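Engineer: What follows is each chain in one-letter form.
Number of protein chains: 2
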Amino acid sequence: MPTRNPFTNPDTRSAVEGPFAREEVVLANRNHGIALEMLRHDVTPAGLHYLLNHFDIPYVSEADAAAWTLSIGGTVERSISIPLAEIKALPAVTQRVTLECAGNGRGLFEPRWPSMPWMREAVGTAEWTGTPLRAVLDRAGLKPETIDISFHGIDSGFDKSNEHEYGRSLKPDLARDENVLLVWAMNGQPLLPQHGFPLRMIVPGWYGMASVKWLNRIEARATPYQGYQQVGTYHFRQKEGEQGTPITTMRVKSLMVPPGIPDWYSRKRLVEKGPVTIYGRAWSGGGTAIARVEVSINGVWRDAELDPPAGRFAWRGWRLAWDATPGGYDIACRATDVAGNTQPTEAIYDRGGFGNNSLHSIEVFVR
Amino acid sequence: MPTRNPFTNPDTRSAVEGPFAREEVVLANRNHGIALEMLRHDVTPAGLHYLLNHFDIPYVSEADAAAWTLSIGGTVERSISIPLAEIKALPAVTQRVTLECAGNGRGLFEPRWPSMPWMREAVGTAEWTGTPLRAVLDRAGLKPETIDISFHGIDSGFDKSNEHEYGRSLKPDLARDENVLLVWAMNGQPLLPQHGFPLRMIVPGWYGMASVKWLNRIEARATPYQGYQQVGTYHFRQKEGEQGTPITTMRVKSLMVPPGIPDWYSRKRLVEKGPVTIYGRAWSGGGTAIARVEVSINGVWRDAELDPPAGRFAWRGWRLAWDATPGGYDIACRATDVAGNTQPTEAIYDRGGFGNNSLHSIEVFVR
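Chains as they are written, first to last, in the numbering used here: chain F, 1 to 367; chain U, 1 to 367.
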């Protein structure tokens, strides 16, 4: 048994190499990525969208949901509390949005920060139904001195001895962007508990940490929000102790459906010789469109065929026809967006394991 | 690149201690357990039910599903192929069933077999809608010489150099039991891709490996089925090379909702002093009812209050009121079924990591 409050202990984590700690595996067992073969679906089916929750998933009963309110306070003209039913009565939009965890690829870094050990699978695309956040912000009326707005869920816990409810902030201009939504449905169904039932945010084009779940409180601020999830983590950092750079929009990236069939344990791939279609998805951040996807087969790069765009904030499908002949192959894919951003061959090192958009490569053996 | 077929390499795995291999983490990232706090739900919401797939999740389009057939051959009076639509027109039943992965708890063994590194979370309860399997078996007519019946999914791959489609068998009496179902819906919705869309089996009371997903072929047999998933794995074994004992029904077990709030990384728990309700679930195998659940707080055992039964094959809820005073506590729970089976304090060692039903214990600090 713990003999004193273990949460006030200093965090003793440091970057590691090699095998994975039990704590990392516990996080991997409760959170999950998309199974890469399910990239075939334009919209990720329920339960296959990546999931990363810092604290416990709140238990919200139907009665709790019926009584749910969203409060808006701070530097506003009118502090208000809006019942969920009123929010759901506002004009609704449905938007297809690709979300990726900022820590996707953390497990591929050496050394690696001990946390959720994502390889490449922390992504998904859903159709979110809700109303623009600005509808409720404008009801409260942001005062001119407002320079930051924080958003808070009911999920709480500790991180590095900091006790807090999960919270993140956005600058007023972004918070009032028509694409930033308060949502109550995902793929045409009520939000699942693990995705924020009954109310969450969707900040399209940003990594997932901005899309606060189980949202019940908004605070307009005359000074920058200093919550742990805003300033203590989700920063690009090269070394311990530096403040670093805040993480915002997603970096350009592509993933492919592993061709062929797997070995259970190693996940190595066997492909039958003959015509093979390699499928994948590509996306970038901030609403920037994908311009090009290239595929390398044993170092020879070819352009993939792009599917029609599926929305400003949704991943774009791509495919490449390959006449596979027996032997061993390394297959890789690389996306470039219309702003000219392209994926790096080697990951850009980050101490916390954030923003890894290095090339996805797969070994296959064709028989 | 691989220079020869890597799937014919001998499997070099052996039992290990200590940290976890990258391959184990990759499996943990694609599969997932229930988040233990979601044990609060009588029926596990979509995406939170445990998921263990050996090979890739098949991509089955709506058109593929519309053309889906189930063939029944071997030692039958009439080899037949039944369209899915005909199966769905048979009399439907809905049954609440708790399923647990046979490998649940593998990651807690020392030494540990390298595979999906479950701690305690590989369980879930769903409401499955389908028709008794015997309806289709009787349509084909089992010949008297039938002593085994194998069931095959379309998911395929390698395990220890064995290439196969996932397959399992049942003895004819069990296969014709009214509770063994062919199902097409889960919690009132079409099956999700990862749970076997468009057709799977549910074998209540057994560990999950018996409930074959993506089912498209049944073979009645005059000799025992020798498929890899039947004889190569899913056996209790003490040492390498022995045949061991086939794994069948679930062992008695209980889990609790961790009280309080967590630390993000360590998942240690902080509880506020005062009245606390500890919630949990208990189940046993083969339809055997739960008789008792006890909870230990720092070694003092008390009986939990049992919720009403929720069906012969569904877990049973339980709760214990605790007046928490500041300090450190070890909390554990133990279930006993009506046949007198009870959970062991120490896990019964198994080389492959199967059947671990040792006590669930949690450290908490009350402030």
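The hints are simulated quantities; they were obtained by calculation from the structure and are not laboratory data. There may be inaccurate statements among the hints.
Heads up, the list lumps identical chains together, so a pair's fine if it works in one copy or across two of them.
Simulated crosslink set (DMTMM-like; lysine to aspartate or glutamate; CA at most 25 Å straight-line) [said to hold, decoys possible]:
id	residue 1	residue 2
1	K273	E178
2	K143	E110
3	K273	D138
4	K273	E145
5	K160	D307
6	K143	E219
7	K239	E23
8	K273	E163
9	K160	E363
10	K273	D64
11	K273	D177
12	K273	D159
13	K239	E127
14	K143	E23
15	K143	D307
For clarity, every value in this text was computed on a predicted model and none was experimentally measured.
Engineer: Give a verdict on every hint.
Structural biologist: We went through each hint and held it up to the structure:
1. Neither within a single protomer nor between protomers do K273 and E178 lie at most 25 Å apart by alpha-carbon distance, with minima of 49 Å and 44 Å respectively.
2. In this assembly of identical chains, the alpha carbons of K143 and E110 never lie at most 25 Å apart, being 46 Å within a copy and 60 Å across copies at closest.
3. When the C-alpha separation of K273 and D138 is checked against a cutoff of 25 Å, the pair qualifies neither within a copy, at 60 Å, nor between copies, at 41 Å.
4. Neither within a single protomer nor between protomers do K273 and E145 lie at most 25 Å apart by alpha-carbon distance, with minima of 65 Å and 41 Å respectively.
5. Proximity of K160 and D307 under a CA criterion of 25 Å is satisfied in neither setting, with 44 Å inside one chain copy and 38 Å between copies.
6. For a Cα distance limit of 25 Å, the shortest separation of K143 from E219 inside one copy, 12 Å, qualifies, whereas the shortest one across copies, 72 Å, does not.
7. For the homomeric pair K239 and E23, the shortest alpha-carbon distance inside one copy (22 Å) is at most 25 Å, but the shortest distance between copies (28 Å) is not.
8. In this assembly of identical chains, K273 and E163 lie within 25 Å of each other by CA distance solely across copies; the values are 17 Å between and 56 Å within a copy.
9. In this assembly of identical chains, K160 and E363 lie within 25 Å of each other by CA distance solely across copies; the values are 18 Å between and 38 Å within a copy.
10. In this assembly of identical chains, the alpha carbons of K273 and D64 lie at most 25 Å apart only when taken from different copies (23 Å versus 56 Å within one copy).
11. For a Cα distance limit of 25 Å, the shortest separation of K273 from D177 qualifies neither inside one copy, at 50 Å, nor across copies, at 43 Å.
12. Taking the shortest alpha-carbon separations for K273 and D159, only the inter-copy value of 21 Å comes in at or below 25 Å, while the best intra-copy value is 50 Å.
13. Proximity of K239 and E127 under a CA criterion of 25 Å is satisfied in neither setting, with 38 Å inside one chain copy and 50 Å between copies.
14. For a Cα distance limit of 25 Å, the shortest separation of K143 from E23 qualifies neither inside one copy, at 44 Å, nor across copies, at 53 Å.
15. For a Cα distance limit of 25 Å, the shortest separation of K143 from D307 qualifies neither inside one copy, at 44 Å, nor across copies, at 52 Å.
Consistency note: the structure conflicts with the earlier hints numbered 1, 2, 3, 4, 5, 11, 13, 14 and 15.
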